[in-house]
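A.B. asks: Okay, here's what each chain looks like letter by letter:
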Amino acid sequence: MKTPTVADYPLAEKHGDDLRGPRGRTLDEVTLEAVMEGRVGIEDLRITPEALHAQAAIARDAGRETLARNFERAAELIDVPQDVIMQTYEMLRPGRVRTHRELAEQAEMLRRDYGARQIAEFVERAADIYLRRGLVERG
Amino acid sequence: MTRTPLPNRWRRYSDWDERPLRLDRFARDDAEHGFAAFRSPSDPSPGVEIAQGRIAAMDGVLAHDFDMIDAFIADHHLDPEIAPEAMAMDSAEVARMLVDMNVPRTELVRLAHGMTPAKLADVVSRLNALEIAFAYSKMRPRERPGNQGHVTNAKDDPLQLAADAAIAVGLGFDEIETTMRVARNSWANAMACVVGSSVGRWGTLFQCSSEEAEELRIGMAGFTSYAETVSVYGTEKSFTDGDDTPWSKAFLVAAYASRGIKARCTSGGGAELLMGFHEAKSLLYLEARCLCLQRGMGVQGTQNGGIDGAPLTATITGGMREMMAENLLAVWLDLECASGNDARATESEIRVGAKIMPYLVAGSDFICSGFGTILSYDNSFNASLFNGEELEDFLVLQRDFEADGGLTPLTETSALELRRRAVDAISAVFEELDLAQPTEAMKTSVVQASGSRETDSFSTGATTRISAEIERRGLTVIDVIRALAKRGFEEEARNLLNLVKLRVSGDYLQTSAIVRDGQVVSAINDPNEYGGPGTGYRLDEARREAISGIRDTLGQNEVLRDQALHKKAEARRIAYLDGGDAEIGRDGNEVVIGISPAFGLQLFRTTGGHNLSEVLACLIRGVEGAGGVARVVRMHHTADTSFLGLSAARMAGSGIGIGLQAKGTAIIHARDRLPHNNLELFSNAPITTLDHYEGLGRNAADYALEREVEPVLVPTKGEALGARFHAQVAIIHAIETSLVDPDRAPEPVAVKFLGTGGEGAA
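Taken in sequence, the protein lines are chains A and B. What the first sequence shows, in the UniProt record's numbering, is residues 1 to 139, in sequence order. What the second sequence shows, in the UniProt record's numbering, is residues 1 to 762, in sequence order.
If you are wondering where the hints come from, they were derived from the structure by calculation, not from laboratory data. From a predicted model like this one, the values you see are computed outputs, not experimental measurements. Quick reminder that beta carbons are idealized off the backbone N, C-alpha and C, glycines included. Check before you lean on any hint, since a few could be wrong.
From the structure, some residues in chain A lie toward chain B, with a derived Cβ separation under 7 Å [to be verified]:
| hint | residue |
| --- | --- |
| 1 | Ala62 |
| 2 | Thr66 |
| 3 | Ile78 |
| 4 | Val84 |
Let's have the full structure, built from the sequences with the hints guiding it.
C.D. replies: Here is the structure:
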């Protein structure tokens, strides 16, 4: 699909035949019969980075730049396991980590292991602000 | 000599003390201690400085002094390209643009991207309550209004949750939200509500408000479709005291989107004041910071307008207006708005009604961010502004103002069917997944119960065991769909699958998204483009009819049917032998009773519930008991009380007549008086007793015999008799007037009391 616009929305209606879940099933293939036969499971009912990027493009086309960026950050988190997500969230909460370096290392790990470039920058920026506001120490 | 003691109180104050309003407490304005709705001396003046394309100062704070909130807003919300233009505009001029239907919403949204919190607050504080409501109506993102409801109960009983979720869906709520009395019951609550919400139609989004990590896990198991527990605050200290930062919350917002779950933030005036970190700033300014932060995070929407702080905000001068202003800021910033009207901010039903009105007529993405669909004692979020008790009041308000509050009346039959189906569905799922075996007695008690105090169902402890089992076995919505389909609940299984499929496309992650008739509807494909009368959201004929369809409405058929019920019994009590021409009486003791055209022919009972035979017998007994002579005449030329009475008086030997309408209104008149200047009138037929009628007859005779008369008074308790009876009265009167023949002379009526129809024979 070329960069979608508001005219492509809702994707499920306009592109239900080529919108695919994480295991390659199109939305139209996800039927009750397929669920009953065990061909479709919860794994087929997750959003994909492609879908989130498409929604980001639609949001941007509608003038919602910040919403688009959130969807793009979210796209980077899709393959990040739940425990890593919760661990990162915990680290971002006040008083959980002592030093700027711990946050910077988490950011680097997210960039390296999951290709989460924007998320990494986001965490690094948090670390800088936390340092300035005294939530973490240099070190 | 006894002295009358000096009064020390006007007892009206004691009456006022008894009103529910006096349970509300009110706080004096005190900006230094945070009690200021719109303005505080500590609020900064709006301002921005930009250097090399970056924000160098905002609202009087230099970049290197920014706290976390300032920094986040400067990074993500404030657009340096637009800020110079937007900040240079006169606030009064922008305020006028907000209420100018010729200025498009999109232009105002663009300008908001370049405004600081202090600027935004400065603009909306210039609008009065009506202007705020109008601007809100123009600025809200989605055209179609919607509503959200709470589904909880005091026992966390899953059978009742399923039944109540089905009812909420049936009523038209676009989102339902549950929470628990016992936190561990979250999995059982989620499964029960989502099964209940699949009965009848699909598309109601569902959330289970619980601890952040658990809420995300329940979402990943497919049970929930949205979250709104991402709270943000307007001061740094409140934020960290709430155990978060703008970055941790923004990260969470992205995490929800990555799992295909719709999310909105929560904020609201009074939160910082409740937490004790208000920095002596006004509620509105702090909320403006919260909202700029939310737009910056890229969350699609907010739940604001007091929320948990609403009861506190409502104690402050202008508090209700401030909550409206907060909601306006949210939609101006292009955020979906679930506009509060949530925690019950008052004990006064009048304040409740006043609070909801602007939202009902303006419309809102979600008018309530938690309408209590259940009884108030079952609301685990605490009582809402509107609860199950007052649900019909809300339905009637929609009808009164032809305003779409997102709800549709349910018939009693369909409500019972929905409850039965939902309870059977969740029971089948529990049995199929080997989680529990609800008995028929449990199910029946829940189907008919108004609230959990009436049920004999799962104990809270039993539910905890079910919940633990769902979590331990890692059951997902797929297991539930399979169980439903296996047990014959195929429609519910399909509904549920459709709901979960939403997350694959992510269409419902866009701003203000809901599902209507199987389609995602959001600010993208249903944008609010209000531009004056005839534009924006209007009720179409089908929707208007749906809103109009409240229960127990009256029409002429109902009234005639009701009257006909008494026809046979009356025929056994009384016979009206009409005929001939009525003459003017010559007996000076004679009182004429003039009855109305339909009296005893089509109408048989007064609005006070008295048989007409009894009323007539009492009047005659009264006249005769006082030494008068009664003669009954039927009028054909009028059905009006005054003219019935005056015409009767003109035919009476004494010159005194009684006019009596079939609905029970009665009058004493004298022949020389002006039509509307009667001697006595019983205008409140619904509360007029037979003794009153007998007294009226006695007095008529006393007037005839020129005795001293003490008028009969029918005491009222101040009931809204018009509201109770006027629809019926107007229909009855139309039946009377349809028989009026202006040229037909009065007829004498020989009344014969048969004494076989029970009481009332003279």
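A.B. asks: Does the structure break any of the earlier hints, and which numbers would those be?
C.D. replies: 4
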